[in-house]
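**Student:** Chains as they are written, first to last, in the working numbering: chain A, 1 to 479; chain B, 1 to 479.
Hints listed in this document are in silico derivations from the structure and should not be mistaken for laboratory results.
Mixed in with the good hints there might be a few duds.
One copy or two, either will do: identical chains are not told apart, so a pair holds if it fits within one copy or between any two.
Straight-line C-alpha distance at most 30 angstroms; calculated DSSO-like pairs for lysine-lysine [what the hints assert, rightly or not]:
no.: 1; residue 1: Lys358; residue 2: Lys459
no.: 2; residue 1: Lys167; residue 2: Lys395
no.: 3; residue 1: Lys470; residue 2: Lys447
no.: 4; residue 1: Lys425; residue 2: Lys113
no.: 5; residue 1: Lys263; residue 2: Lys337
no.: 6; residue 1: Lys87; residue 2: Lys280
no.: 7; residue 1: Lys454; residue 2: Lys280
no.: 8; residue 1: Lys470; residue 2: Lys412
no.: 9; residue 1: Lys367; residue 2: Lys4
no.: 10; residue 1: Lys356; residue 2: Lys64
no.: 11; residue 1: Lys112; residue 2: Lys305
no.: 12; residue 1: Lys87; residue 2: Lys412
no.: 13; residue 1: Lys454; residue 2: Lys263
no.: 14; residue 1: Lys368; residue 2: Lys284
no.: 15; residue 1: Lys64; residue 2: Lys112
no.: 16; residue 1: Lys305; residue 2: Lys203
In this text, all values refer to a predicted model and were calculated from it rather than measured experimentally.
Number of protein chains: 2
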Amino acid sequence: MSQKDLYIYNSLTSSKEKFKSLRNNSVGMYVCGPTVYSDVHLGNCRTFISFDVIYRYLAHLGYKVRYVRNITDVGHLEDTGEDKISKKAKTEKLEPMEIAQKYTNSFREILKKFNVLDPSIEPTASGHITEQILIIEDLIQKNLAYISNGSVYFDISNYNEIDSYGKLSGRDLDNIKSNSRDLVSQDDKKNEFDFALWKKAEKNHLMRWNSPWGEGFPGWHLECTAMSKKYLGDEFDIHGGGIDLKFPHHDCEIAQCIGHTGKQPAKFWMHANMLTLNNKKMSKSTGNNILPNELFSGINDQFSKPYDPNIVRFFFLQAHYRNELDISESAIQASEKGFNRLIEIINRLSLVQTVKTKNDKLLDTIKKWENNCYDCLNDDFNTPMLLAEIFNSNKIINNIENNVTEISQVEKDYFINLFDIFLNKILGLNFKKDKINNDSVLEILLKLRDNARKHKDYKLSDSIRDELAKIGINLNDKD
Amino acid sequence: MSQKDLYIYNSLTSSKEKFKSLRNNSVGMYVCGPTVYSDVHLGNCRTFISFDVIYRYLAHLGYKVRYVRNITDVGHLEDTGEDKISKKAKTEKLEPMEIAQKYTNSFREILKKFNVLDPSIEPTASGHITEQILIIEDLIQKNLAYISNGSVYFDISNYNEIDSYGKLSGRDLDNIKSNSRDLVSQDDKKNEFDFALWKKAEKNHLMRWNSPWGEGFPGWHLECTAMSKKYLGDEFDIHGGGIDLKFPHHDCEIAQCIGHTGKQPAKFWMHANMLTLNNKKMSKSTGNNILPNELFSGINDQFSKPYDPNIVRFFFLQAHYRNELDISESAIQASEKGFNRLIEIINRLSLVQTVKTKNDKLLDTIKKWENNCYDCLNDDFNTPMLLAEIFNSNKIINNIENNVTEISQVEKDYFINLFDIFLNKILGLNFKKDKINNDSVLEILLKLRDNARKHKDYKLSDSIRDELAKIGINLNDKD
Numbered sequence: 001m002s003q004k005d006l007y008i009y010n011s012l013t014s015s016k017e018k019f020k021s022l023r024n025n026s027v028g029m030y031v032c033g034p035t036v037y038s039d040v041h042l043g044n045c046r047t048f049i050s051f052d053v054i055y056r057y058l059a060h061l062g063y064k065v066r067y068v069r070n071i072t073d074v075g076h077l078e079d080t081g082e083d084k085i086s087k088k089a090k091t092e093k094l095e096p097m098e099i100a101q102k103y104t105n106s107f108r109e110i111l112k113k114f115n116v117l118d119p120s121i122e123p124t125a126s127g128h129i130t131e132q133i134l135i136i137e138d139l140i141q142k143n144l145a146y147i148s149n150g151s152v153y154f155d156i157s158n159y160n161e162i163d164s165y166g167k168l169s170g171r172d173l174d175n176i177k178s179n180s181r182d183l184v185s186q187d188d189k190k191n192e193f194d195f196a197l198w199k200k201a202e203k204n205h206l207m208r209w210n211s212p213w214g215e216g217f218p219g220w221h222l223e224c225t226a227m228s229k230k231y232l233g234d235e236f237d238i239h240g241g242g243i244d245l246k247f248p249h250h251d252c253e254i255a256q257c258i259g260h261t262g263k264q265p266a267k268f269w270m271h272a273n274m275l276t277l278n279n280k281k282m283s284k285s286t287g288n289n290i291l292p293n294e295l296f297s298g299i300n301d302q303f304s305k306p307y308d309p310n311i312v313r314f315f316f317l318q319a320h321y322r323n324e325l326d327i328s329e330s331a332i333q334a335s336e337k338g339f340n341r342l343i344e345i346i347n348r349l350s351l352v353q354t355v356k357t358k359n360d361k362l363l364d365t366i367k368k369w370e371n372n373c374y375d376c377l378n379d380d381f382n383t384p385m386l387l388a389e390i391f392n393s394n395k396i397i398n399n400i401e402n403n404v405t406e407i408s409q410v411e412k413d414y415f416i417n418l419f420d421i422f423l424n425k426i427l428g429l430n431f432k433k434d435k436i437n438n439d440s441v442l443e444i445l446l447k448l449r450d451n452a453r454k455h456k457d458y459k460l461s462d463s464i465r466d467e468l469a470k471i472g473i474n475l476n477d478k479d
Numbered sequence: 001m002s003q004k005d006l007y008i009y010n011s012l013t014s015s016k017e018k019f020k021s022l023r024n025n026s027v028g029m030y031v032c033g034p035t036v037y038s039d040v041h042l043g044n045c046r047t048f049i050s051f052d053v054i055y056r057y058l059a060h061l062g063y064k065v066r067y068v069r070n071i072t073d074v075g076h077l078e079d080t081g082e083d084k085i086s087k088k089a090k091t092e093k094l095e096p097m098e099i100a101q102k103y104t105n106s107f108r109e110i111l112k113k114f115n116v117l118d119p120s121i122e123p124t125a126s127g128h129i130t131e132q133i134l135i136i137e138d139l140i141q142k143n144l145a146y147i148s149n150g151s152v153y154f155d156i157s158n159y160n161e162i163d164s165y166g167k168l169s170g171r172d173l174d175n176i177k178s179n180s181r182d183l184v185s186q187d188d189k190k191n192e193f194d195f196a197l198w199k200k201a202e203k204n205h206l207m208r209w210n211s212p213w214g215e216g217f218p219g220w221h222l223e224c225t226a227m228s229k230k231y232l233g234d235e236f237d238i239h240g241g242g243i244d245l246k247f248p249h250h251d252c253e254i255a256q257c258i259g260h261t262g263k264q265p266a267k268f269w270m271h272a273n274m275l276t277l278n279n280k281k282m283s284k285s286t287g288n289n290i291l292p293n294e295l296f297s298g299i300n301d302q303f304s305k306p307y308d309p310n311i312v313r314f315f316f317l318q319a320h321y322r323n324e325l326d327i328s329e330s331a332i333q334a335s336e337k338g339f340n341r342l343i344e345i346i347n348r349l350s351l352v353q354t355v356k357t358k359n360d361k362l363l364d365t366i367k368k369w370e371n372n373c374y375d376c377l378n379d380d381f382n383t384p385m386l387l388a389e390i391f392n393s394n395k396i397i398n399n400i401e402n403n404v405t406e407i408s409q410v411e412k413d414y415f416i417n418l419f420d421i422f423l424n425k426i427l428g429l430n431f432k433k434d435k436i437n438n439d440s441v442l443e444i445l446l447k448l449r450d451n452a453r454k455h456k457d458y459k460l461s462d463s464i465r466d467e468l469a470k471i472g473i474n475l476n477d478k479d
């Protein structure tokens, strides 16, 4: 176990800071989840895998982590001002909540395949309307929000009198003005950079709730404030999300919280970087895109063969979460080879012969290596460094295999357990499962039978066929 | 495909009625889901499997089914008036929503193992507070509900002036009075049989929302009214649930709906019957209880070995959903045998030799059998009759095997496809998956290797060892 301090890069201060939880041994972590109006983006998967490792490591350190990752099932608006889920519901001719359910289910399935742990709470935006309304009422009362034509907007000008908007992203208002893409209903707003807390539902809008300002639906930024506050309190330890959410989403959250509670909600703001495909931004419209299931099945235009979710996860973790990462066939193939080499190392270790005498010197060497591994994790969850360090264990194993060093069962068990801790428990890589690939077992059996038939050993080939038939696998020989 | 009418037993009229959907080809179906404060009860699984078959069959008939099955994450009260989830949260020292999330996740996992399809929408009670408040406000305005000490109650006396309460269960008020177990806060109520629409949250109550009557939480019965109305409209086709929900839950729902919209919400009310264990009611307190995962793993005091979810599903479907069913070791073992016999029948069919000439007479026989199968389903989803009918196919296959009847590929394909339709698609039994049991494949390979070693065929045994090592399975020979 690591005895050293954990340092986390805080986007708010642009520096690595020593992590200390706000409440004894508990950690509250909020991560912005998906908008469930289409299949989850591979880049988002990378983000959720990054925070999964962070969650796993904090739990491993002994923290009781309450991990909240929301589902945005309402309020995420298109540039046109249309709700993304409502729009998709019209296209697919389904009730908006059927759309949300469909893509929530598929999101969960994909994350399961990636061996991502369930968060402690997975709240939905639509499930927290009353909480959002309460915050809006408070902001209006504090003169930080105003009602306009059935909608409610956050008043950036007034807010800037108590604190400055855009702290996280470091943007100033002029910069924000020129980058604003919120072109709709500008007439309702006092200033173009004000953002919606509540939107009036037009006649044909499907998702609508009653509110003090008439029927409408909440703005996107508000839900995360309502849910993080409800489940983690006014102040909590970590707020994470994809780097694209830094502005405006997270800056809006901060403004809402400071306006509402007077407090900066999260001590650490963490942002996971982008994933590109063949060195270009992924985008459905240009076709430079791949869905997770397309990657797993091999049915896609980008890659020549299927890649196991476990390999993709390993590939992601070979880059630091704060760095941009490019996925390409050659890069992922290199990862696949690396992954197999790692399995080989572990298998070799499991096969080394032990002696009866304990070897304290070797145990020290292994513990030194263990500490190096923890150092990587303690340095802002540096998974690529950790994986490189894990490969370094090869030298120790070489020495044992070549009888330079002797190993007893004590050191062997300790060593093997560390692989389990770092690879399975903390990085969430599925080594054990991968070791027994059942399809491959069947393949071996079929190859064996083919071989027997070629050599006219029909006794063997028939016995394989009959045994398989017994368990319901019927072979239809074409020849 | 069935050309005949579907008849469904309607609990509201206590008779089988011809099913006709309210809106063209669409069916709206609402089923009361679990209260997520503990592991799902095996009896509840039976209920959800029953409605899964109903959902699958309606979809198979060509209906576009919107299937709503809720998650009760607030409001289901103990006899003591305590919220079940809040109570558990205190015991487990977790936020109530962590409890709800934990058991929602485990519920979903168990249902996945049972091969139960996801509903179209899986809404939560806590996610529909605003909708519930609106209904309460309307009921108060209509003099069908009254505020008392921060809570709101449904007024049965006033309701009885517009319709009679207890229609579904057929109870009269005297009967209800003597059976009422709602002993708490009686002082707040005008009449002891009135039920809570909104409960005032006491100081220490963890789950609380703002409302026109102060902070509180919704009553249990109301959530289903709010969610069914929201996603299926004031009137929809089917409302289902376990038979224990008939009274008071469903009678309260009916009263709320008739009071609020003037309409009886569902055309058909369907109730799935109880599951007992060794002829006694399942109950945690007496120890006469078994959890789904305990049944699957074999780690329990009741059964001698593990049973696959697929076998348990098959066992459930061998009883009609409206009949009580008792689970015992002997009963489930009989089902396991039956299931294996069914696999055997299908395997035998897949192995029959075909001739080139089509056999129209045989096709007629098969189609007659097909019709018999549909007749079972059309008779209130009679799955035990259907399974018995499926076993009858054995006679046809016997005749083919014994060369009494010849079969061409046309009839064979048609026949095999029917098994796929009835067993996999409609009954949701997992035949294909079960056919490839990967552990068994490895077993065959290991048996083969043992045999080779015994016969000193080391070339074969070594090649198997090496091939397995390649995929990470290392064999440690003891001898």
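**Student:** Evaluate each hint against the coordinates.
**Tutor:** For each hint, the structure was consulted:
When the C-alpha separation of Lys358 and Lys459 is checked against a cutoff of 30 angstroms, the pair qualifies neither within a copy, at 48 angstroms, nor between copies, at 35 angstroms. Taking the shortest alpha-carbon separations for Lys167 and Lys395, neither the intra-copy value of 47 angstroms nor the inter-copy value of 78 angstroms comes in at or below 30 angstroms. In this assembly of identical chains, the alpha carbons of Lys470 and Lys447 lie at most 30 angstroms apart whether taken from the same copy (19 angstroms) or from different copies (14 angstroms). When the C-alpha separation of Lys425 and Lys113 is checked against a cutoff of 30 angstroms, the pair qualifies both within a copy, at 16 angstroms, and between copies, at 24 angstroms.
Neither within a single protomer nor between protomers do Lys263 and Lys337 lie at most 30 angstroms apart by alpha-carbon distance, with minima of 48 angstroms and 65 angstroms respectively. With identical chains, the CA atoms of Lys87 and Lys280 are at most 30 angstroms apart within one copy only, with a shortest distance of 27 angstroms there and 52 angstroms across copies. Taking the shortest Cα distances, Lys454 and Lys280 never come within 30 angstroms of each other, neither inside one copy (49 angstroms) nor across copies (59 angstroms). For the identical chains of this complex, Lys470 and Lys412 are inter-copy neighbours only, at 21 angstroms across copies versus 40 angstroms inside a copy, given an alpha-carbon limit of 30 angstroms.
Taking CA atoms no more than 30 angstroms apart as the test, Lys367 paired with Lys4 passes inside one copy only; the shortest distance there is 14 angstroms, against 73 angstroms between copies. Within a single copy, Lys356 and Lys64 get their C-alpha atoms no closer than 40 angstroms, and across copies no closer than 69 angstroms, so neither meets the 30 angstroms cut-off. For the identical chains of this complex, Lys112 and Lys305 are neighbours both inside a copy (21 angstroms) and across copies (29 angstroms), given an alpha-carbon limit of 30 angstroms. In this homomeric assembly, Lys87 and Lys412 never come within 30 angstroms of each other (Cα to Cα): the closest approach is 58 angstroms inside a single copy and 46 angstroms across copies.
For a Cα distance limit of 30 angstroms, the shortest separation of Lys454 from Lys263 qualifies neither inside one copy, at 76 angstroms, nor across copies, at 74 angstroms. Taking the closest pair of Cα atoms, Lys368 and Lys284 never come within 30 angstroms of each other, the shortest separation being 47 angstroms inside a single copy and 50 angstroms across copies. In this assembly of identical chains, the alpha carbons of Lys64 and Lys112 lie at most 30 angstroms apart whether taken from the same copy (22 angstroms) or from different copies (29 angstroms). Neither within a single protomer nor between protomers do Lys305 and Lys203 lie at most 30 angstroms apart by alpha-carbon distance, with minima of 48 angstroms and 60 angstroms respectively.
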